[in-house]
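A.B. asks: Residue-level listing of the chains:
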Amino acid sequence: MSLQFLADGMIAGATIGLGAVGITLTYSILRFANFAQGEFITWGCYVTWLLAAAAGAWLPWSAQAIDPLSVGLNVIFAALVAMLLTGLLAIALDAVLFRPLRTAGTTASAAWAPASVSAVIASFGASMALRALIEAAVPARQAYLSTELQIAIPLLGGVRLTPDQILLLAVAVVLAVALQIMLTRTSLGRSMRAVSENPALARVVGIDVSQVIRLTWFIGAALACAAGVMLGLVVQIRPSMGAELLLPLFAAALLGGVGSVPGALIGGLLVGVAEAATVQLLGAQWRAAVAFLVVIGVLLLRPSGLFGRAH
Amino acid sequence: MNDAAPFAAVYDLVAGYDSGVPIVKGVTMHVNRGELVAVLGPNGAGKSTLIKAIAGLVPATSGCIRYDGTDISAQPAHLRVRNGVAFVPQTENVFATLSVSDNLKIAAQILTATERAAHIARAYELFPDLSRQRGLAAGRLSGGQRQMLAVARALVISPGLLLLDEPSAGLSPKATAELFRTLVRIRKTGVGILLVEQNVRAALSVADRAYVLVEGRNRREGSGGDLAADPEMGALFLGLGVRAAAPGVPA
Chain A
169 MSLQFLADGM IAGATIGLGA VGITLTYSIL RFANFAQGEF ITWGCYVTWL
219 LAAAAGAWLP WSAQAIDPLS VGLNVIFAAL VAMLLTGLLA IALDAVLFRP
269 LRTAGTTASA AWAPASVSAV IASFGASMAL RALIEAAVPA RQAYLSTELQ
319 IAIPLLGGVR LTPDQILLLA VAVVLAVALQ IMLTRTSLGR SMRAVSENPA
369 LARVVGIDVS QVIRLTWFIG AALACAAGVM LGLVVQIRPS MGAELLLPLF
419 AAALLGGVGS VPGALIGGLL VGVAEAATVQ LLGAQWRAAV AFLVVIGVLL
469 LRPSGLFGRA H
Chain B
105 MNDAAPFAAV YDLVAGYDSG VPIVKGVTMH VNRGELVAVL GPNGAGKSTL
155 IKAIAGLVPA TSGCIRYDGT DISAQPAHLR VRNGVAFVPQ TENVFATLSV
205 SDNLKIAAQI LTATERAAHI ARAYELFPDL SRQRGLAAGR LSGGQRQMLA
255 VARALVISPG LLLLDEPSAG LSPKATAELF RTLVRIRKTG VGILLVEQNV
305 RAALSVADRA YVLVEGRNRR EGSGGDLAAD PEMGALFLGL GVRAAAPGVP
355 A
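These protein sequences, in sequence, are chains A and B.
For what it's worth, our numbering labels the leading residue of the first sequence as 169, then goes sequentially.
For what it's worth, our numbering labels the leading residue of the second sequence as 105, then goes sequentially.
Be a bit skeptical, because a hint or two may be false.
Claimed, not checked - Beyond 12 Å from chain B on every Cβ pair, some chain A residues (computed): (1) PRO331; (2) MET350; (3) SER364; (4) LEU415; (5) ALA457.
Claimed, not checked - Coverage of chain B stretches by chain A, computed from C-beta distances (three or more under 8 Å per stretch; other residues unrestricted): (6) 200-212; (7) 275-289.
If you are wondering where the hints come from, they were derived from the structure by calculation, not from laboratory data.
Bear in mind the structure is a predicted one, so any value in this text is a computation, not a measurement.
All C-beta atoms in this analysis are idealised placements derived from N, C-alpha and C, irrespective of residue type, glycine included.
When you get a sec, could you build the whole thing from the sequences and use the hints?
C.D. replies: Dropping the structure here:
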């Protein structure tokens, strides 16, 4: 069999992995499964699309594709601004929806736990509302970040990738490394680990827990936006694009071990490659089953995931 | 008490959890610099709630908490720490998954970059045992060492006021004695210490003064020796056996 599935799977897996980081971060800091994470992917992609169109109309030269890529500076600039805006959207969502559900933690976790069921349900609601907003605000027509056809470059072993895909993989690696350094080497990363383990004690050692929570939302949503841009470069942009990715996102977060950021990234790659292998071996109709099987398998065999710690 | 305002004090403090039922129902007390003050009382007297309210973990509904000349009643917990009010909770008082060294580094984050290394080195000097285990996950320390790490972590910021919630709970008599000797040493450096304790005898043997709370209100106060000799204390702590000239921990 051709090794092409590895390359395809890694592209899809990088997208899933970046999206899953937000799920694992939200869970480890706030102790709930955020079902609205998929919408950050969708919103990130749409905001990028709108900004890129606006930038292209204002400065037509920016829409010129940068050889050998299929997109111009307008898309790259739009993606960066969209990451910022998607991060702020998540912070705003937390402020109006999730924060009122939390009570200030006075003991380690007991005071936080009761909020988690309401928070999960609230995230379902937020997901539907965010998707409906997109559907209402954006005219239903075909939207693409890039319409240019690219010739794939043959690489080793008969594997072919387009220049866009090679760039996307490189960006994903850079984001993953930057995130890992931030989490392990900086005081913000230490603070996030501290809040994740014991929020009440974190306050006692002088950590501004609200600030850490805001940054957690921001990072998770900004990476989801990056995932949305990656997705938008390979598929048609549509309001359900993020929601359709939700199951693979959770599969990746579970497989990596909920709470582990490197785990979410590696879990994403594994889910992506497994999906691509399934498509190549069994056919595309089986793709959606892969994430289900991963979730069931992890829960049955190793509930703490590959890199998670037992709770 | 002299004419000058005390270093740290609470006045008519009412505090409780979110349910709205106050647990501390009007407590007034103070701690001076370099003074070790114990808060005693039977179970449910509000000792723990009082100390958590001073640390900022439980909201004060009325009354006032003053520290070093300012009213900190409305300040969030993390800002009180930055101002020098350090709190050692009774349980889960170290980050179990982080190493001993990371526990101290987290506490030192609020210091300036130049202070950090020196303050952490001083904490290791005070607790040589911890220095030998700095790479170990805090969750793997013994109960006594964990308590030492929690105190070391609180001292890293050079606090003006050190709050301890039942630090002897779960410790062996030997570990308790060692901990209390350490507290006496810390007090001599000018830190004000407020100590909530179940272990009345040990607490009175090291405390300069003590307050007794009953049902969320002040009941008695006095020097450690006076209260240890007070016959009412035995009645308040039925079964705890407070006796005059109790053999305690050498200071």
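A.B. asks: Determine for every hint whether it applies to the structure shown.
C.D. replies: Evaluated hints:
no. : hint    : verdict
1   : PRO331  : holds (43 Å)
2   : MET350  : holds (15 Å)
3   : SER364  : violated (9 Å)
4   : LEU415  : holds (30 Å)
5   : ALA457  : holds (36 Å)
6   : 200-212 : holds (count 7)
7   : 275-289 : violated (count 0)
Of the hints listed earlier, those the structure fails to meet are numbers 3 and 7, in rising order.
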